[in-house]
Structures are given as C-alpha cells and as structure tokens.
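Heads up: the protein sequence lines correspond to chains C and R, in order.
Residue numbers for the first sequence follow the working numbering, beginning at 1 and rising by one.
Residue numbers for the second sequence follow the working numbering, beginning at 1001 and rising by one.
Nothing false has been slipped in among the hints.
Not everything, but these chain C residues come out facing chain R in the computed CB check (under 7 Å):
{"id": "1", "residue": "TYR32"}
{"id": "2", "residue": "ARG42"}
{"id": "3", "residue": "GLY43"}
{"id": "4", "residue": "LEU44"}
{"id": "5", "residue": "PHE46"}
{"id": "6", "residue": "LYS49"}
{"id": "7", "residue": "ILE51"}
{"id": "8", "residue": "PHE90"}
{"id": "9", "residue": "GLN97"}
{"id": "10", "residue": "GLY99"}
{"id": "11", "residue": "PHE103"}
{"id": "12", "residue": "GLY106"}
Under the rule of at most 25 Å between Cα atoms (straight-line distance), these lysine-lysine pairs were calculated in the BS3-like manner:
{"id": "13", "chain 1": "R", "residue 1": "LYS1041", "chain 2": "C", "residue 2": "LYS22"}
{"id": "14", "chain 1": "C", "residue 1": "LYS22", "chain 2": "R", "residue 2": "LYS1040"}
{"id": "15", "chain 1": "C", "residue 1": "LYS49", "chain 2": "R", "residue 2": "LYS1041"}
{"id": "16", "chain 1": "C", "residue 1": "LYS49", "chain 2": "R", "residue 2": "LYS1040"}
{"id": "17", "chain 1": "R", "residue 1": "LYS1040", "chain 2": "C", "residue 2": "LYS112"}
{"id": "18", "chain 1": "C", "residue 1": "LYS77", "chain 2": "R", "residue 2": "LYS1040"}
{"id": "19", "chain 1": "C", "residue 1": "LYS69", "chain 2": "C", "residue 2": "LYS58"}
{"id": "20", "chain 1": "R", "residue 1": "LYS1019", "chain 2": "R", "residue 2": "LYS1038"}
{"id": "21", "chain 1": "R", "residue 1": "LYS1036", "chain 2": "C", "residue 2": "LYS100"}
{"id": "22", "chain 1": "R", "residue 1": "LYS1041", "chain 2": "C", "residue 2": "LYS100"}
{"id": "23", "chain 1": "R", "residue 1": "LYS1022", "chain 2": "R", "residue 2": "LYS1053"}
{"id": "24", "chain 1": "C", "residue 1": "LYS100", "chain 2": "R", "residue 2": "LYS1022"}
{"id": "25", "chain 1": "R", "residue 1": "LYS1036", "chain 2": "C", "residue 2": "LYS49"}
{"id": "26", "chain 1": "R", "residue 1": "LYS1009", "chain 2": "R", "residue 2": "LYS1040"}
{"id": "27", "chain 1": "C", "residue 1": "LYS112", "chain 2": "R", "residue 2": "LYS1041"}
{"id": "28", "chain 1": "C", "residue 1": "LYS58", "chain 2": "C", "residue 2": "LYS22"}
{"id": "29", "chain 1": "R", "residue 1": "LYS1041", "chain 2": "C", "residue 2": "LYS77"}
{"id": "30", "chain 1": "R", "residue 1": "LYS1040", "chain 2": "C", "residue 2": "LYS100"}
{"id": "31", "chain 1": "R", "residue 1": "LYS1038", "chain 2": "C", "residue 2": "LYS100"}
Negatives, chain C to chain R, calculated, CB over 12 Å:
{"id": "32", "residue": "ALA14"}
{"id": "33", "residue": "PRO18"}
{"id": "34", "residue": "SER26"}
{"id": "35", "residue": "GLU64"}
{"id": "36", "residue": "GLN71"}
{"id": "37", "residue": "THR72"}
{"id": "38", "residue": "VAL111"}
{"id": "39", "residue": "PRO113"}
It is worth saying that the hints were derived from the structure and are not from the lab.
C-beta: ideal position from N, C-alpha, C; glycine also.
Take a look at the letters that make up each chain.
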Amino acid sequence: AQSVAQPEDQVNVAEGNPLTVKCTYSVSGNPYLFWYVQYPNRGLQFLLKYITGDNLVKGSYGFEAEFNKSQTSFHLKKPSALVSDSALYFCAAIYNQGGKLIFGQGTELSVKP
Amino acid sequence: DTEVTQTPKHLVMGMTNKKSLKCEQHMGHRAMYWYKQKAKKPPELMFVYSYEKLSINESVPSRFSPECPNSSLLNLHLHALQPEDSALYLCASSQEERGPYEQYFGPGTRLTVT
Chain C
1 AQSVAQPEDQ VNVAEGNPLT VKCTYSVSGN PYLFWYVQYP NRGLQFLLKY
51 ITGDNLVKGS YGFEAEFNKS QTSFHLKKPS ALVSDSALYF CAAIYNQGGK
101 LIFGQGTELS VKP
Chain R
1001 DTEVTQTPKH LVMGMTNKKS LKCEQHMGHR AMYWYKQKAK KPPELMFVYS
1051 YEKLSINESV PSRFSPECPN SSLLNLHLHA LQPEDSALYL CASSQEERGP
1101 YEQYFGPGTR LTVT
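So here's chain C without its partners, still in its complex pose:
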C-alpha cells in the first residue's frame, strides 16, 4: 500500500541547534515527495519537493531535505533552528503521477530559546 510515515509525533530542539524531522515512504514506484509546514490556524505552506536528480533538495526558509532511496526516507533538515520554526510539519507523496497527496501523520516541531 502507498503510505508515508513520520515516526515522531513531536521533536524538541534548542534554538541554534540543527533540526531533523523524519519521513519514510512506502516503496511503490517512484513517488514525488513533498514537505509542508502549518502554523497555528493557518493553511499548509509548501517548503520543498523531490522529483528526481540530486538527492539534496533545498527549499524555503533555509530548509533542505535528503532523499535516500535505499532507506526510503526523505528527512527534513535545517542547520540552525529558529523559535519561529515551531510548527506542524507534514511529509507527503504523490504516487503514479496521480493527483492525490498522501500525507504522513505530522510532526510537531518545538524550538525553545
């Protein structure tokens, strides 16, 4: 079955430290992979996507993600976290070029000063 998993419900990081939010996907073809962020009482904002090519993808607000085909992972990273990065993060995939985004369960990131 096509699925996306975010194994951590919550990630806590100190400001200035590097952050990682984990995502794994089921192997079913070659999915397109996405990261979205949602601030309280707001819609989702697109951060970055992987289609093909370079395994390191750079996106908005200093975020990047590393695609690892052997581990079927697409982890979101940032070298130095900001308090304003605190939000709910969703990993998502599109399989077989279909229009349906399949979301992970979300990871709440908390960055403390």
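Starting from the known structure of chain C, fit chain R onto it as the hints suggest.
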C-alpha cells in the same frame, strides 16, 4: 503570486442551515482541491477538480456539494451538516492534477456546526 484565498475565515452554522465556502486562485492552475482537517491531523482529501470537471470524490456525504464555476473559483455548498463536520476546510490548487506539482493551500475556513 502564489496565493489562494478563502472566505469566510470563520463560519458557525446550525444543522438546518445552508451555507457556502468560497475559494479563489489567480495562478492559472487547472486543478483545485477541497480538504477537511481536524486539529493536528493531516488534511483529508474531499474533492478534486481538474479543468473545471469533478475528477475525484472521496466518498463524501451528499450534504457537501462542490461546484467549480470557472477555472479560478471553487465553492463548497453545505447543507444539513452534523456536529462532527466541524473542522478546518482547506482549499488548494496546483498547476495540473497529474504530475510533480506542489499544491498551494489557502488559509482555510474554520467551520463550527452547532
């Protein structure tokens, strides 16, 4: 401009009311989506329109009725809703339905059914 707008921001309605949610985008996108989202959960797809035609209906109850009057507008008509329909309703658009296209989301309508 990557903006999707939604009105109203908040809506409180009784179970016998009829109301509509509106969504608009001016990015020239040909696919538009309605999602329902409960607190701290991922969005759940409800409907997809592609080139103004309904492409996907995720077995949504008939008390939700979508409409796509033109390529920039998407409506969601609500009638005889239940309290469990209270949620954040998100609209999104993408360049096309099929392909590696990111979706752009509006800020949502917070719906409360009393």
